[in-house]
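Visitor: Here's the letter readout for the chains.
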Amino acid sequence: MNYLAQQPGLRWSTFSAPSRFYALAGLCVPWMWAACVLLAVAGLYVGLFLAPTDATQHDAYRVIFIHVPAALLSMLIYLVMAFWAAWGWIFNARMASMYARALAPTGAVLTFITLWTGSLWGKPTWGTWWVWDARITSYFILLLLYIGYIALTEAIDDVRRSAHAGALLALVGVVNIPIIYFSVRWWNTLHQGQTIKMTGTSMEQTMRLSMWLMMFSFWAYTFAMAFTRSRAIVLEQEADTEWVKALSTEKGFNPAGTKP
Amino acid sequence: MSNVILSVMRRDLLIARRRQVEALLPLGFFVVSAGLFPIGVGPEAHVLRQIAPGVVWVCALLAAMLSVTQMFASDHQDGSLEQMLLAPQPLVGVVLGKVLAHWLSSGLPLVVAAPLLGVLFDMHAGSIAWLAFSLLLGTPILSLLGAVGAALTLGLRSGAALVFLLVLPLTIPALIFGTGAVLAVDGGQSPQAHLSLLGALLIVTALGAPWATASALRISMD
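Going down the list, the sequences are from chains R and A.
Per the numbering used here, residue 1 is the first one in the first sequence, and the count goes up by one each step.
Per the numbering used here, residue 1 is the first one in the second sequence, and the count goes up by one each step.
FYI, nobody ran anything at the bench for these hints, they're computed from the structure.
Heads up, some of the hints might be wrong.
To spell it out: a stretch of chain R is covered by chain A in this simulated footprint if at least three of its residues, at any positions, have a beta carbon under 8 Å from a beta carbon of chain A; those stretches are [to be verified]: (1) 141-150; (2) 158-166.
Simulated DEER-style distance windows between Cβ atoms [claimed, not checked]: (3) A:Q192 <-> R:F91: 43 to 51 Å; (4) R:P124 <-> A:L25: 44 to 52 Å; (5) R:I90 <-> A:L86: 18 to 26 Å; (6) A:H124 <-> R:F140: 25 to 33 Å; (7) R:A34 <-> A:Q50: 52 to 60 Å; (8) R:D59 <-> A:G126: 49 to 57 Å; (9) R:P124 <-> A:G42: 27 to 35 Å; (10) A:G42 <-> R:S119: 25 to 33 Å; (11) A:V204 <-> R:F91: 23 to 31 Å; (12) R:W126 <-> A:G187: 20 to 28 Å; (13) A:S7 <-> R:E242: 45 to 53 Å; (14) A:Q189 <-> R:D59: 38 to 46 Å.
Where is the CB? At the ideal position from N, CA and C, for every residue including glycine.
Here chain R stands alone, though its shape is the one from the complex (with noise of 0.2 Å):
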């Protein structure tokens, strides 16, 4: 933690540098993990024990205290992962293209989530495990997408050229997010409309209670996922860095002894 010491005055830029974010994202994941577990915990509670249960789709809809904030999560993630790869590029900053790269496989199992707690949702409730509705169809591209992001960033051994192509890449699959925010609307299918407006909504206080909980628990699991990832690829990346020897030795083990 020495290394946030050494700095005496913050700018906007100062954790763009891998060795402090390493420093600071290694701060953070615990408490991440804390939040996420504890939030978890009483939105689990509060949704499977509090809420009551629903008048037409019984106890089925409880599934929804997963599945729509991995839903929404998973959208997210691809955005905040395109933004962070486009930065990457544009101003040719590591640790931005490092953390996109750390997001993706948190995004791409968030995908995953929603599609299997939907179709857990769907089996009693519309009485089949996949429809293909434009909704779910337009989930399971972006699971492709995600797949594909991930795909091509390992295939491409050059570190600058594999952040370089995901970014263009992942801002080539933004414009698949609108398709699957306004497919809805665009066609007639099964899937049920938006429940949670900006204005008001058609569900119960404990409902909402649950729900927003598990929001912030699915928000803190992504933080301290991608910051755990993207120590993992700034240890890998920056191994031949003097810092990174320090570290080692100071830990005890060799990050660099793994990759020549």
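With chain R fixed as given, assemble chain A onto it according to the hints.
Guide: Structure of chain A alone, referenced to chain R:
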């Protein structure tokens, strides 16, 4: 700009003509893969008629992705792509010329062969015409998007397989509107809405994809 486009296109078409078998491989793939479906799903005419637009379109997508990796590969290998990047002429023009040549040499043959497949799938004459027309509007989109994927995966070991993964998800709107037009005709409706959207998609792609391809080439050759 139009000089660059035309000269690059003429050059690539000449190369394609000198390697005729290689240029016609996507067409062969298109016919073979579409021809497998009746054998796989059974010869009932009404089933075939129903799946025909989708099958023909999906096979066209795959055939286009198969050939698109060749767009820059040989120029990358012999170093002429580097010269094109260094040249004072705009790179977007080079890309457009290459895309046009790719479409003329491997996209247009698919459009021409599609009616034949339509007959094999027992489609009505009216549907066949609209299928060919939707492919005429759609295949340039495939060449344009494929160029982005080909430029991104330039020189990678797993490039050919990656292009499928990167580009196919992006072509899904084209697939939806292309097959939607034919299905609308089959259902007794006007295909105009789908074709308009497909045309709009072509315009948007033509405006964006060449620039994305040029940037991707610069990233890959950096």
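Visitor: Evaluate each hint against the coordinates.
Guide: Taking the hints in turn, this is what the structure says about them:
1. Check on the region 141-150 of chain R: 5 of its residues sit with their Cβ under 8 Å from a Cβ of chain A, so the three-residue criterion for coverage holds.
2. Using a Cβ-Cβ cut-off of 8 Å, 4 residues of the region 158-166 of chain R lie near chain A, which meets the minimum of three, so the contact claim holds.
3. Checked against the given bound of 43 to 51 Å, the beta carbons of A:Q192 and R:F91, roughly 46 Å apart, stay inside it.
4. For R:P124 and A:L25, the Cβ-Cβ distance of about 49 Å falls inside the hinted range of 44 to 52 Å, so the restraint holds.
5. For R:I90 and A:L86, the Cβ-Cβ distance of about 23 Å falls inside the hinted range of 18 to 26 Å, so the restraint holds.
6. In this structure the supplied range 25 to 33 Å holds for A:H124 paired with R:F140, their Cβ-Cβ distance being about 32 Å.
7. Hint check: R:A34 to A:Q50, Cβ distance near 56 Å, so the stated range 52 to 60 Å holds.
8. In this structure the hint that R:D59 and A:G126 lie 49 to 57 Å apart at CB holds, the actual value being about 51 Å.
9. The hinted window of 27 to 35 Å between R:P124 and A:G42 holds, with their beta carbons roughly 34 Å apart.
10. At about 29 Å, the beta-carbon gap between A:G42 and R:S119 stays in the expected band of 25 to 33 Å.
11. Judged by the Cβ atoms, the range 23 to 31 Å given for A:V204 and R:F91 holds: they are separated by roughly 28 Å.
12. About 24 Å separates the C-beta atoms of R:W126 and A:G187, a value consistent with the hinted range of 20 to 28 Å.
13. Look at A:S7 against R:E242: about 52 Å separates their beta carbons, and that is inside 45 to 53 Å.
14. With their beta carbons about 42 Å apart, A:Q189 and R:D59 fall inside the hinted range of 38 to 46 Å.
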